[in-house]
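**Student:** Chains W and L are the protein sequences, given in the same order.
Start counting the first sequence at 25; every next residue gets the next number (my numbering).
Start counting the second sequence at 4; every next residue gets the next number (my numbering).
Hint data in this document are derived by calculation from the structure and do not stem from the laboratory.
Using N, Cα and C, we set each Cβ at its ideal position, and we do this for glycine too.
Check before you lean on any hint, since a few could be wrong.
[Unchecked claim] Computed footprint of chain W on chain L, listed as stretches where at least three residues anywhere in the stretch have a Cβ under 8 Å from a Cβ of chain W: (1) 329-342; (2) 356-366; (3) 370-378.
[Unchecked claim] From chain L, some residues computed to sit far from chain W (all C-beta separations above 12 Å): (4) ASN109; (5) ILE117; (6) ASP122; (7) ASN205; (8) ARG303; (9) ASP404; (10) THR455; (11) ALA468; (12) ASP473; (13) LEU488; (14) THR551; (15) LYS554.
Below, each chain spelled out in residue letters.
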Amino acid sequence: MEIDGIIATLHTYERKVLPILNETCRFEDIAAKTGLQKVEVMRALQWLQNKKLVRINKELQEQVVLDENGIKYKKDGLPEVKFLEQIEEKSTLEDIEKSFGLSKQELSISLGILKSKGAIEIKKEKGIVVQITDIGKRLLKNGFPEEEFIKKNFPLNSSELKDLDKLAFENLRKRNKIIKHHIVKIIEASPTELGEKIIDHGISEEEVIDRLTPEVIKSGSWKSTKLRSYDVKINVPNISGGRLHFVTQATQYIKRIWLDMGFREMQGNLVQTSFWDLDALFVPQDHPARDMQDTFYVKDPKYGKLPKDIVRKVKASHENGFVTGSKGWQYKWSEEMAKENLLRTHNTVLSARTIAKLKKEDLPAKFFSVGKVFRNETLSWKSLFEFIQVEGIVVDPNANFKHLKGYLKEFFAKMGFPDVRVRPGSFPYTSPSAEVDVWHPKKNRWMELGGSGIFRPEVVKPLLGFECPVLAWGLGLERTIMEYYNITDLRDIYSNDIKKLREIKIWMK
Amino acid sequence: MPTITLNRKVFDSLVGKKLPLEKLKDRISMLGTDLEEVNDKEIIVEVFPNRPDMLSVQGFARAFSSFILAKTGLRHYKVEPSKEKMIVDKSVEEVRPYTACAIVKNLHFDDEKIKEVIDIQEKLHITYGRNRKKVAIGIYPFEKIKTPIKFIAQDPKDIVFQPLEFNKKMNVLEILEKHPAGKAYGHLLQGKKKFPVFRDANGEVLSVPPIINSHHTGKINEKTNDIFIECSGFDFNVLQKCLNIIVTALYEMNGIVYSMELHYGNKKYVTPDLRPEEMKADINYINKLLGMKLKENEIRKQFEQMGYGYKNKKVLVPSYRADILQQSDLAEDIAIAYGYENFHSIVPNVATIAEENQFEVFKRKISELLVGLGFIEASTYHLTNKELQCKRMNTDAQLIDLANSISSDYDVLRSWVIPSLMEILSSNKHHEYPQRIFAIGTIFKKNDNMETNIEENDRLAVVIASENTDYTEIKQILDYLFRSLNLKYEIIEAEHNSFIEGRVARVAVNGKKVAYIGELNPKVITNWSLEMPVTAFELNLTCLFDLTDKK
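Produce the entire structure from the sequences given, and follow the hints as far as they go.
**Tutor:** As structure tokens, then:
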């Protein structure tokens with residue numbers, strides 16, 4: 025019963041392979057005898073081994089095969105043999121060069137070999153004369169062992185070489201590209217005790233249907249014949265499908281959170297004028313953030329264009345506080361500096377542009393953006409020159425500092441960080457300003473994830489035209505991704521290793 | 004942001020109250036500085052740029068002791084009047100027009116104090132002084148100087164003195180060449196015919212700001228008791244603030260501060276002025292911004308906790324505070340005093356309509372189609388270099404250079420996306436084929452009609468690297484996308500050096516060219532040291548989006 029059960033699970037390949045094992049154990053022979061492809065035999069053997077019907081023995085063997093010169097000489101004969109055949113009692117080297125049809129290199133090799141075998145003598149008469157010896161004549165009659173060796177059927181198993189063959193092999197091995205070694209895997213299979221029993225029991229090829237095919241269904245043969253049982257525990261080869269980059273997956277999730285909270289998405293260019301990226305945000309023109317070390321500036325076109333009306337107000341805001349009641353930064357503001365093109369340093373630039381377009385009747389309004397920002401840094405495990413920033417603003421006449429904390433807490437709770445703290449910070453465009461930390465439960469410490477605050481009146485009034493609290497935040501994304509995927513080197517996020525992209529777990533939030 | 008190291012002993016004695024370690028750490032963070040380390044000997048903190056007054060141990064301890072309620076309210080500083088004069092010559096207007104000065108006596112320097120003073124000077128130079136460009140600070144042993152002092156601009160060849168830590172006299176041009184400070188700050192005087200110089204009544208050089216002091220008259224040591232301080236620069240208000248920050252710290256080192264008379268032509272100013280500035284406190288505004296209902300009495304206490312005075316509805320802002328421009332700055336300090344951690348979190352019930360950007364939706368849909376076809380999305384950089392964009396692609400393109408990238412591998416903005424994907428194929432040769440990848444990314448081109456004179460487009464690039472890939476396969480992908488978008492396109496024969504001749508085409512929709520498609524030239528394939536056929540297309544999504552029917 026047990027044996028019948030096992031037989032029922034056997035695949036067609038297995039059915040063909042198993043009985044043959046009584047006749048041969050060599051892999052190549054099994055393939056030849058069953059008429060199966062080598063991969064099919066291999067699969068059958070592995071399945072049989074899984075079922076404990078077969079033992080597979082793999083060993084590495086050194087084999088000898090002909091190299092390119094060897095293949096040529098097998099066809100044409102070895103040069104030294106040709107040499108010796110053509111030589112008469114005495115030939116001058118000059119004649120030999122002219123008429124033997126051997127290359128210079130082959131000539132010199134032949135001379136060397138024949139001399140060492142004692143088959144020729146070289147004398148100096150009028151020019152150099154080569155003369156065949158008795159040994160030479162005998163060699164010609166009996167044949168060169170090397171020539172016989174290369175005429176054999178390759179590959180040869182090097183451990184089975186004997187006597188003359190071995191000597192010939194050693195001689196040839198030293199020469200240029202005649203033979204080479206090959207390490208090959210020899211596979212042999214033999215039935216186990218259980219396997220023997222099944223072979224003895226006899227396996228019919230016809231008694232089961234292997235694949236359920238349209239023909240089988242149409243013909244109805246499945247009614248009378250059993251479908252072969254599978255080994256359902258079998259390991260199957262890996263496949264992989266298309267998917268989004270894990271940063272995109274995370275980005276889409278984050279967008280979802282803000283959309284769920286009623287935020288509208290902002291979009292904008294990566295190259296911006298300094299005006300929108302910095303000046304409109306009340307960043308003084310001598311602020312260190314504007315240094316060449318921190319910000320990428322564009323060489324050509326170096327300058328962009330400025331919006332006239334707003335420029336006037338922003339200039340006033342910097343120089344004397346505009347109509348905000350502020351003192352401003354009290355310096356001479358330069359329009360030329362504001363025109364300089366740069367790669368956006370934060371997505372707050374999009375917030376500034378958005379505010380500039382809003383009207384009183386649009387309020388309250390909430391906006392977000394998730395996109396790349398740039399910083400002039402060298403690529404290293406802890407720094408990137410372009411990375412993603414999550415930006416948000418709430419423009420609401422009734423907004424206050426408690427709401428800022430509320431929105432941040434709500435967002436981070438959905439990101440898996442329920443504990444959020446804000447602590448005093450400093451940014452040129454917000455007051456109050458707050459650094460945003462989340463509690464990392466595994467590492468047991470606060471992790472800094474961004475900055476936030478309420479836009480200063482010096483920012484809001486020139487852009488919006490009237491005073492209104494604007495809550496704002498800019499949060500890093502890469503650190504959250506690193507935590508989620510246990511990545512320790514920032515560069516790995518954008519290294520695009522295809523294997524990793526195929527296999528990395530999906531963003532589960 | 005500058006990191007400062009505070010001597011724990013000095014700090015504790017100035018604060019006058021010792022806190023347990025955890026409490027100390029927490030309070031330092033919640034006052035608004037990034038704490039790096041605390042141990043028995045030192046406290047290392049990062050001070051935010053808005054508070055240059057906290058760059059000294061005295062200033063830091065002053066703010067901290069108020070914050071923890073050890074000593075609250077406005078500090079009063081007494082300035083002794085003096086008749087010592089600084090004459091500012093008209094000639095400095097062109098080079099460095101202003102200076103603000105003070106004399107501080109009774110300092111009894113020792114090594115620790117000298118170190119503290121030099122530290123304050125250096126940190127202020129770097130931050131508030133913008134590397135001496137905005138403010139340069141000079142500190143001199145007053146005993147060696149004969150007043151009145153003159154601030155004048157002169158030919159650099161005529162300014163000859165022995166610079167700090169050098170053993171011989173030289174003129175300023177030589178100093179710019181030879182002295183480390185000359186090399187570091189010489190650029191600040193570049194192109195000036197005359198250089199600013201402080202000379203005492205004997206004509207002795209004190210310093211050439213913002214470069215270097217004299218070794219004789221510009222170096223304090225442990226024998227020094229009294230010092231002369233000047234701040235020079237371009238904005239008199241800024242200089243006064245900076246001077247105030249230094250002298251208030253020196254005051255708390257038990258110095259006695261004396262004023263100086265500054266003569267700018269007919270005008271006379273007296274510095275330092277350590278009186279607080281009066282400012283109206285708009286309690287309604289502050290409460291509204293913070294979402295609070297604090298009473299005047301509570302707000303007064305909180306102002307005092309931040310080192311302000313409060314009298315008759317007016318705030319008295321300390322003379323060393325450089326960051327209080329308007330009401331929201333006051334609100335911020337009230338919030339700090341109240342404690343950021345003590346504010347409730349509220350998500351207000353405000354109805355607003357969410358909206359995803361339509362183009363972002365479009366790009367997402369395109370990505371989904373490609374993922375459905377088994378493509379893997381790559382995430383690529385916008386910055387690259389000319390070699391990868393052009394040379395390896397066997398083509399030439401006008402690229403936009405960055406002015407100042409610190410890495411030559413990333414010094415241009417890309418003009419197409421396929422090279423970014425080729426780079427990925429090139430670094431993934433050891434992984435299983437076929438490799439089917441795509442990326443959506445921005446490309447940059449010059450265009451005078453744009454605000455920045457640069458046009459940005461989002462492009463979809465698709466590549467297949469496999470033994471069997473060919474034009475048919477890649478065109479099937481393109482066909483599928485266009486069918487899914489319900490768009491018709493036409494193929495125009497084209498030439499492109501990155502592709503095989505006769506196996507490359509342009510794709511147009513309504514006559515607008517939107518893509519290149521084809522089999523990559525083996526030359527390009529080998530340039531990337533690949534050994535696999537590659538087919539690709541690059542499609543302008545910005546343009547395609549405009550052509551797509553969104554209904």
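**Student:** So, for every hint listed, does it hold in this structure?
**Tutor:** Verification of the supplied hints:
1. With 8 residues having a beta carbon nearer than 8 Å to a beta carbon of chain W, the segment 329-342 of chain L meets the requirement of three or more and the stated coverage holds.
2. Look at the segment 356-366 of chain L against chain W: 7 of its residues bring a Cβ nearer than 8 Å to a Cβ of that chain, three or more, so the hint holds.
3. Against chain W, the segment 370-378 of chain L contributes 7 residues with a C-beta closer than 8 Å to a partner C-beta. That satisfies the three-residue criterion, and the hint holds.
4. Distance check for ASN109(L) against chain W: the nearest CB is about 34 Å away, which clears 12 Å, and the non-interface claim stands.
5. With a least CB separation of 28 Å from chain W, ILE117(L) remains clear of the 12 Å interface cut-off, as annotated.
6. Residue-level check passed: ASP122(L) sits 19 Å from the nearest beta carbon of chain W, beyond 12 Å.
7. ASN205(L), annotated as away from the interface, keeps every beta carbon of chain W farther than 12 Å; the closest lies near 36 Å.
8. No Cβ of chain W comes within 12 Å of the Cβ of ARG303(L); the nearest lies about 19 Å off, and the non-interface call holds.
9. Some Cβ of chain W comes within 12 Å of the Cβ of ASP404(L); the nearest lies about 4 Å off, and the non-interface call is violated.
10. The non-interface label for THR455(L) is inconsistent with chain W: the shortest C-beta to C-beta separation is roughly 4 Å, within 12 Å.
11. Once the 12 Å rule is applied to beta carbons, ALA468(L) is inconsistent with being away from chain W; the minimum gap is 10 Å.
12. The beta carbon of ASP473(L) sits about 20 Å from the closest Cβ of chain W, which is more than 12 Å, so the claim that it is off the interface holds.
13. Every CB of chain W lies more than 12 Å from the CB of LEU488(L), the least distance being 18 Å, so the non-interface label holds.
14. Non-interface call for THR551(L) relative to chain W: holds, since the shortest CB-CB distance, roughly 17 Å, exceeds 12 Å.
15. Remark: the non-interface label on LYS554(L) is consistent with the geometry, its nearest Cβ contact in chain W lying 20 Å away (cut-off 12 Å).
This entry does not satisfy hints 9, 10, 11, going by the numbered hints stated previously.
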